[in-house]
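These protein sequence lines map, in sequence, to chains A and B. In terms of full-length UniProt numbering, the first sequence is numbered consecutively and its last residue is 331. In terms of full-length UniProt numbering, the second sequence is numbered consecutively and its last residue is 331.
Some hints here could point you the wrong way.
[To be verified] Here are some chain B residues the structure puts well away from chain A; computed CB gaps all over 10 Å:
id	residue
1	Q25
2	P67
3	P95
4	L99
5	G213
6	N241
7	I253
8	K255
9	S258
10	P261
11	A279
[As the list claims (entries may be wrong)] Derived pair list, reagent style SDA-like, types lysine to any residue, alpha-carbon separation capped at 25 Å:
id	chain 1	residue 1	chain 2	residue 2
12	A	K142	A	N53
13	B	K265	A	S276
14	B	K265	A	E208
15	A	K92	B	Y236
16	A	K265	B	F319
17	B	K322	B	Q295
18	B	K255	A	T252
19	A	K265	B	E12
20	B	K38	B	P11
What the hints contain is simulated information worked out from the structure, not anything from laboratory work. Glycine is no exception: its CB is placed at the ideal position from the N, C-alpha and C atoms.
Protein chains: 2
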Amino acid sequence: MGQTILLNNRPEGTPNLGNFKFEEQSVGDPQEGELLVKSKYVSVDPYLRGRMNDTKSYVPPFEVGKPLTSGIIAEVIESKHPDYKAGDYVSKVMPWKTLQVITTEDLHKVDASKAPLSAYLGILGMTGLTAYTGLTEIGKPKENETLLVSGAAGAVGSIVGQIGKLLGLRVVGIAGSDEKINMLKQNFNFDAGINYKTTDDLTAAIKEHCPEGVDIYFDNVGGEISDAVLYHINKYARIINCGAIAVYNETTIPKSLSVQPFLIKNSALMQGFIVSNYASKFEEAIAQLAEWLKQEKLVYTETIVEGFENIPQAFLDLFDGKNKGKMIIKI
Amino acid sequence: MGQTILLNNRPEGTPNLGNFKFEEQSVGDPQEGELLVKSKYVSVDPYLRGRMNDTKSYVPPFEVGKPLTSGIIAEVIESKHPDYKAGDYVSKVMPWKTLQVITTEDLHKVDASKAPLSAYLGILGMTGLTAYTGLTEIGKPKENETLLVSGAAGAVGSIVGQIGKLLGLRVVGIAGSDEKINMLKQNFNFDAGINYKTTDDLTAAIKEHCPEGVDIYFDNVGGEISDAVLYHINKYARIINCGAIAVYNETTIPKSLSVQPFLIKNSALMQGFIVSNYASKFEEAIAQLAEWLKQEKLVYTETIVEGFENIPQAFLDLFDGKNKGKMIIKI
Chain A
1 MGQTILLNNR
11 PEGTPNLGNF
21 KFEEQSVGDP
31 QEGELLVKSK
41 YVSVDPYLRG
51 RMNDTKSYVP
61 PFEVGKPLTS
71 GIIAEVIESK
81 HPDYKAGDYV
91 SKVMPWKTLQ
101 VITTEDLHKV
111 DASKAPLSAY
121 LGILGMTGLT
131 AYTGLTEIGK
141 PKENETLLVS
151 GAAGAVGSIV
161 GQIGKLLGLR
171 VVGIAGSDEK
181 INMLKQNFNF
191 DAGINYKTTD
201 DLTAAIKEHC
211 PEGVDIYFDN
221 VGGEISDAVL
231 YHINKYARII
241 NCGAIAVYNE
251 TTIPKSLSVQ
261 PFLIKNSALM
271 QGFIVSNYAS
281 KFEEAIAQLA
291 EWLKQEKLVY
301 TETIVEGFEN
311 IPQAFLDLFD
321 GKNKGKMIIK
331 I
Chain B
1 MGQTILLNNR
11 PEGTPNLGNF
21 KFEEQSVGDP
31 QEGELLVKSK
41 YVSVDPYLRG
51 RMNDTKSYVP
61 PFEVGKPLTS
71 GIIAEVIESK
81 HPDYKAGDYV
91 SKVMPWKTLQ
101 VITTEDLHKV
111 DASKAPLSAY
121 LGILGMTGLT
131 AYTGLTEIGK
141 PKENETLLVS
151 GAAGAVGSIV
161 GQIGKLLGLR
171 VVGIAGSDEK
181 INMLKQNFNF
191 DAGINYKTTD
201 DLTAAIKEHC
211 PEGVDIYFDN
221 VGGEISDAVL
231 YHINKYARII
241 NCGAIAVYNE
251 TTIPKSLSVQ
261 PFLIKNSALM
271 QGFIVSNYAS
281 KFEEAIAQLA
291 EWLKQEKLVY
301 TETIVEGFEN
311 IPQAFLDLFD
321 GKNKGKMIIK
331 I
């Protein structure tokens, strides 16, 4: 028997513990090609909130009465697949279960000798891959260009900025508190930061900190911040549409500044993506990120909470800002 | 001596003949590397209206007291450049002058034996190149995909649709009158057309005519029409931002539906461009367009007005819809 966490009902507004339900479930035996795995580290991220709604969003909604899912690092207990053996650590998006049988589709092995296991959920997992592939594949950075990052103090944004610096860019971040701005500059090597909450005139602030304009805009937020950026994009600018948290909790999509005139005037590009589009680059990306990590050229922060039973509370704590960096539950 | 047409003053609202001024000017002799040329065909296009304003637009404004410019086919009268000789026909964006000395920068020879000279201002000129390079370089069409074209009955749109059909796409056009919709289907080989002015529900009409969604959207208009299209784009859709006539005459850029959620959800791309970005493809494009034209697989319409003195009136007539297809002045 194993434990699982189901969506009990859909939250209205801020989610609470009543939205989740724990259940004992029998696990069964792996069939040919399958693995029995035990969860070790579970990732919780703000984007899961959107999937708890029944509205059309970027990803299909969770179903009431079914388990929630997220990125999990698990240990192989029993293998019926030639490429895996008991004791291997693997990573994929899986249901919130202590024990489960999985297929090897979209599964990745992770190497506990190269980095802490939890890192494979963050900087060496979806977070790092999103930052790396978005910036390199869409942003196509060239040395000395200016990279502007919104949501810069977030898990993805803070890695994007560090990678940008390693690739020789001038990096400017937009975030929502002076503490975050200090962190961008002191911990994450950003050249400059803009606190959008205390800036009177965001377009003027962008102009001041990006005096040569914006060549690459890594956009985690959308909304009014991204409107302001449009006035400062350079010819052939690349806008990476990674997230639009400004509109995640809206039931109808709001209006923003018309982007077409800016894109035409500057022969600029906007490209939406999800990290799995670049699966063919994951091996190269992980190798590069692990190398930088080993050389201590990349830093990351994480908050680790212990216990499967604490997954819902850890998720809720994200909305109170109780985490520093990536929030992870250790089972 | 030659004649030239200057911007006399900036129009407010609809332009009129008083905005233009004719002047006699001496011409001078070509220096080493230069050519003396005589204008034969002059192109006038709606986008020139934007350049008559003193507001920031996609291209710098015309200056009061200086000549207006547009695409011109000219005959070489005297050459001081080894690659050109008297009697050659050449094409480039030049000042509105009967006779002038030009450099060979951005200059193209045109071959009067392969197509009528006026075609080099339309289907074998900027218009055709814009349609061909935008659709192929940004749209990257694959057989059986659905191409939706806004401003479909315009000079660029009608060529985009025909090229789309030649490349094996399902092609749907949006235009503003039933006469234009009939023309799309009967003359330009579109599979279907949507009259946005008489359609109660544009999103429903797009869904009806693009039952498998929109893979490529060639956008000449922006604004509300493009908002409606966003609801129907497919995964990996490509949106080609060629024009945004819906906002050309606005002094402040209006708001539209936020594009970010749609781009992220569909891993879709928007790319603004001007035709000169793809100069390296012009030779290939012209060869292909000329071949299709010879095979009568592409059709185009044009309105030819005679006389240098009639350039301003021909331009004004564009806004009264007095032209059919490309408006050209024969000198």
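The hints, checked one at a time:
Taking the minimum C-beta to C-beta distance to chain A, about 32 Å, the non-interface status of Q25/B holds against the 10 Å cut. For P67/B, the requirement that its beta carbon stay farther than 10 Å from each beta carbon of chain A is met, with the minimum near 23 Å. No Cβ of chain A approaches the Cβ of P95/B within 10 Å, the least distance being about 23 Å, so the stated non-interface status holds. With a cut of 10 Å on Cβ distances, L99/B stays outside the contact zone with chain A, its closest approach being about 33 Å.
G213/B, annotated as away from the interface, keeps every beta carbon of chain A farther than 10 Å; the closest lies near 14 Å. Against the 10 Å criterion, N241/B falls within the reach of chain A, whose nearest CB is about 5 Å from its own CB. With a minimum CB-CB distance of about 5 Å to chain A, I253/B fails to clear the 10 Å threshold, and the non-interface call is violated. Distance to chain A contradicts K255/B as a non-interface residue, since its nearest Cβ pair spans about 4 Å, not more than 10 Å.
At the 10 Å boundary, the C-beta of S258/B falls inside the reach of chain A, the nearest C-beta of that chain being 4 Å off. Not every CB of chain A is more than 10 Å from the CB of P261/B (nearest about 5 Å), against its label as outside the interface. At roughly 12 Å from the closest C-beta of chain A, the C-beta of A279/B stays outside 10 Å, upholding its exclusion from the interface. For the given pair, K142/A sits about 40 Å from N53/A by alpha-carbon distance, which is inconsistent with the 25 Å threshold.
A distance of roughly 12 Å separates the Cα atoms of K265/B and S276/A; the hinted pair therefore holds under the 25 Å criterion. At roughly 33 Å between alpha-carbon atoms, K265/B and E208/A are farther apart than 25 Å, so this suggested pair is violated. Distance hint between K92/A and Y236/B is fulfilled; the C-alpha atoms sit about 24 Å from each other, no more than 25 Å. Proximity of K265/A to F319/B is assessed by CA-CA distance (about 23 Å); at most 25 Å being required, the pair is judged to hold.
Using a Cα cut-off of 25 Å, the hinted pair K322/B and Q295/B is violated, with the two alpha carbons roughly 29 Å apart. Restraint check for K255/B and T252/A: the C-alpha separation of about 15 Å stays at or below 25 Å, so the hint holds. Distance hint between K265/A and E12/B is fulfilled; the C-alpha atoms sit about 23 Å from each other, no more than 25 Å. Taken as a hint, the K38/B and P11/B pair is broken in the structure, with Cα atoms around 29 Å apart against an allowance of 25 Å.
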